[in-house]
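Sequence lines, in order, name chains A and B. Heads up: the first sequence runs through residues 1 to 111, numbered per our numbering. Heads up: the second sequence runs through residues 1 to 113, numbered per our numbering.
Since the hints were made in silico from the structure, they are not lab data. Any given hint could turn out to be false.
Computed, partial: chain A to chain B, Cβ under 7 Å [claimed, not checked]:
1) Phe12
2) Val19
3) Gln41
4) Gly42
5) Pro85
6) Gly103
7) Gly105
Listed below are the simulated DSS-like cross-link pairs for lysine-lysine, each with C-alpha atoms no more than 27 Å apart in a straight line [claimed, not checked]:
8) B:Lys71 with B:Lys56
9) A:Lys57 with A:Lys71
10) B:Lys71 with A:Lys70
11) B:Lys42 with A:Lys14
12) B:Lys42 with A:Lys9
13) A:Lys57 with A:Lys83
14) A:Lys9 with A:Lys83
15) A:Lys57 with A:Lys14
16) A:Lys70 with A:Lys9
17) A:Lys57 with B:Lys42
18) B:Lys68 with B:Lys56
19) A:Lys71 with B:Lys68
20) A:Lys57 with A:Lys9
21) A:Lys70 with A:Lys57
22) A:Lys83 with B:Lys42
23) A:Lys14 with A:Lys71
24) A:Lys9 with A:Lys71
As the structure is a computational prediction, the values presented were derived from the model and not from experiment. Don't be surprised by glycine CBs; every beta carbon is placed ideally from N, CA and C.
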Amino acid sequence: DGGITQSPKYLFRKEGQNVTLSCEQNLNHDAMYWYRQDPGQGLRLIYYSQIVNDFQKGDIAEGYSVSREKKESFPLTVTSAQKNPTAFYLCASSTDSHGYTFGSGTRLTVV
Amino acid sequence: GESVGLHLPTLSVQEGDNSIINCAYSNSASDYFIWYKQESGKGPQFIIDIRSNMDKRQGQRVTVLLNKTVKHLSLQIAATQPGDSAVYFCAENINNYGQNFVFGPGTRLSVLP
Numbered sequence: 001d002g003g004i005t006q007s008p009k010y011l012f013r014k015e016g017q018n019v020t021l022s023c024e025q026n027l028n029h030d031a032m033y034w035y036r037q038d039p040g041q042g043l044r045l046i047y048y049s050q051i052v053n054d055f056q057k058g059d060i061a062e063g064y065s066v067s068r069e070k071k072e073s074f075p076l077t078v079t080s081a082q083k084n085p086t087a088f089y090l091c092a093s094s095t096d097s098h099g100y101t102f103g104s105g106t107r108l109t110v111v
Numbered sequence: 001g002e003s004v005g006l007h008l009p010t011l012s013v014q015e016g017d018n019s020i021i022n023c024a025y026s027n028s029a030s031d032y033f034i035w036y037k038q039e040s041g042k043g044p045q046f047i048i049d050i051r052s053n054m055d056k057r058q059g060q061r062v063t064v065l066l067n068k069t070v071k072h073l074s075l076q077i078a079a080t081q082p083g084d085s086a087v088y089f090c091a092e093n094i095n096n097y098g099q100n101f102v103f104g105p106g107t108r109l110s111v112l113p
């Protein structure tokens, strides 16, 4: 079955530590996205990529980094520069003709 | 469960009743709209979409209504079931470019037995 897979489901980060969230899709979608979800707020765009080896900052890119070396993969690194990283992170992919297919999310907590 | 949507508006309906969830969108140039359902601890799932050249679209047990005059979108769920309990949010898009989707904060639907 085609889909989009995020891992891990839960992740704990210590102060000053970088962590990487995985996102893999086998839908052959060109575009991939990372969103952050906080309680009571709409999804906020962190980074997006429309094609391999290219990506763009979203509304809240500070403290995050991404790479897009393969069409199927769009990992997100939460760096130590992100001062409030505790949130639910959602990865999505899309074609131009339709909305998003979302992954099941990663819950990141600072300990 | 996950704490997504702790402070969201909540709609409580009796099982079997119809539900109406509303969304005010922000941009009069938006021309494509989607309703998503998000269950606790999961990613959002596509429910139904509508383009701006339509004012109504029906799916299985769901209907989306679009009022462009007042920038309002609604999702109607017929014969609400316990499995419909979730957070529902709308997304608006200009020219169907993925990076231009704007998501509303959502409404929590609680189905009472």
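Here is how each hint holds up against the structure:
1. Phe12: Not OK, violated: A:Phe12 not within 7 Å of chain B, min 15 Å.
2. Val19: 19 Å, violated
3. Gln41: 6 Å, holds
4. Gly42: With Cβ-Cβ at 4 Å, under 7 Å, it holds.
5. Pro85: Given a least distance of 15 Å, the restraint on A:Pro85 is violated.
6. Gly103: 5 Å, holds
7. Gly105: Given a least distance of 5 Å, the restraint on A:Gly105 holds.
8. B:Lys71 with B:Lys56: Holds, because 14 Å separates the two Cα atoms, which is no more than 27 Å.
9. A:Lys57 with A:Lys71: 18 Å, holds
10. B:Lys71 with A:Lys70: 39 Å, violated
11. B:Lys42 with A:Lys14: 24 Å, holds
12. B:Lys42 with A:Lys9: 10 Å, holds
13. A:Lys57 with A:Lys83: 18 Å, holds
14. A:Lys9 with A:Lys83: Within the cut-off at roughly 21 Å; holds.
15. A:Lys57 with A:Lys14: 25 Å, holds
16. A:Lys70 with A:Lys9: With Cα atoms ~22 Å apart, A:Lys70 and A:Lys9 stay inside 27 Å; holds.
17. A:Lys57 with B:Lys42: 25 Å, holds
18. B:Lys68 with B:Lys56: Cα-Cα ~11 Å, so holds.
19. A:Lys71 with B:Lys68: 37 Å, violated
20. A:Lys57 with A:Lys9: 24 Å, holds
21. A:Lys70 with A:Lys57: Answer holds: A:Lys70 to A:Lys57 is near 18 Å, not above 27 Å.
22. A:Lys83 with B:Lys42: Distance ~25 Å between A:Lys83 and B:Lys42 Cα, so the pair holds.
23. A:Lys14 with A:Lys71: Violated - the C-alpha atoms of A:Lys71 and A:Lys14 are around 31 Å apart, more than 27 Å.
24. A:Lys9 with A:Lys71: Roughly 22 Å between the alpha carbons, so the hint for A:Lys9 and A:Lys71 holds.
The structure does not agree with the numbered hints 1, 2, 5, 10, 19 and 23 stated previously, though it agrees with the rest.
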